[in-house]
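**Q** Given the structure of chain U, go ahead and fit chain X onto it with the hints provided.
What follows is the residue order along each chain.
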Amino acid sequence: AQKVTQAQTEISVVEKEDVTLDCVYETRDTTYYLFWYKQPPSGELVFLIRRNSFDEQNEISGRYSWNFQKSTSSFNFTITASQVVDSAVYFCALSEAKDSNYQLIWGAGTKLIIKP
Amino acid sequence: SAVISQKPSRDICQRGTSLTIQCQVDSQVTMMFWYRQQPGQSLTLIATANQGSEATYESGFVIDKFPISRPNLTFSTLTVSNMSPEDSSIYLCSARQGLPNTEAFFGQGTRLTVV
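In order, the protein sequences belong to chains U and X.
Be aware that the first sequence starts at 1, since it is given in the numbering used here, and climbs by one per residue.
Be aware that the second sequence starts at 1001, since it is given in the numbering used here, and climbs by one per residue.
These are calculated hints, taken from the structure and not from any lab test.
Accuracy of the hints is not assured; some may be wrong.
[Claimed, not checked] In silico lysine-lysine, DSSO-like type, Cα no more than 30 Å apart, as pairs: (1) X/LYS1007 - U/LYS111; (2) U/LYS3 - X/LYS1065; (3) U/LYS115 - X/LYS1065; (4) U/LYS38 - U/LYS98; (5) U/LYS98 - U/LYS3; (6) U/LYS115 - U/LYS16; (7) U/LYS3 - U/LYS38.
Chain U with its partners taken away, still in its complex shape (with noise of 0.2 Å):
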């Protein structure tokens, strides 16, 4: 069955300092796609990026990075330097392609808080 795991459930770390988020899924389809999304406390779900299962490459963008390893089913979402802005919970989401009912599986969600 599918699923998807966020084992932290609440990181504290002081600004500036690097901060990996983990998000470990399973599934039995061969395509399927991963997503991060960012919930800041104003509560409205933010799209960060999306992963199809194909495309193992690690993608930066600005002091967002993403390590994707099929080996591991991890799909792990790192900020540099992180800002106070960044405090938030975010999600980790699993989107499989035979599933005719397009429905997002969510990981628990891990709250990241930056003190300042």
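**A** Frame of chain U, contents of chain X only:
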């Protein structure tokens, strides 16, 4: 991308009453979903709003309690009926094109408190 307007943004309601939440998307989308998010929790899918037909509900959610309408490809409503304090939560509308590689977009959410 799609911009989703959801209203009301928050409400305080008396138990036993009903609240209808509206979700408007600025472009046509194939899929619309309604989620519930308890404080500090992940998203729980309530139902998929189907255009022109009855919504598809997830286990634990029923039409009598959460009637959903979707009259066209840009609009949907969720009603929380006969509310109790246990219904206090954040309700989120989401839209997505009917492809598994597309991202989902979300409204601002409705923070509901039932007293």
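**Q** Compare the structure with each hint and give your call.
**A** Results for each hint:
| no. | hint | in the structure |
| --- | --- | --- |
| 1 | X/LYS1007 - U/LYS111 | holds (26 Å) |
| 2 | U/LYS3 - X/LYS1065 | holds (28 Å) |
| 3 | U/LYS115 - X/LYS1065 | violated (42 Å) |
| 4 | U/LYS38 - U/LYS98 | holds (26 Å) |
| 5 | U/LYS98 - U/LYS3 | holds (15 Å) |
| 6 | U/LYS115 - U/LYS16 | holds (9 Å) |
| 7 | U/LYS3 - U/LYS38 | holds (19 Å) |
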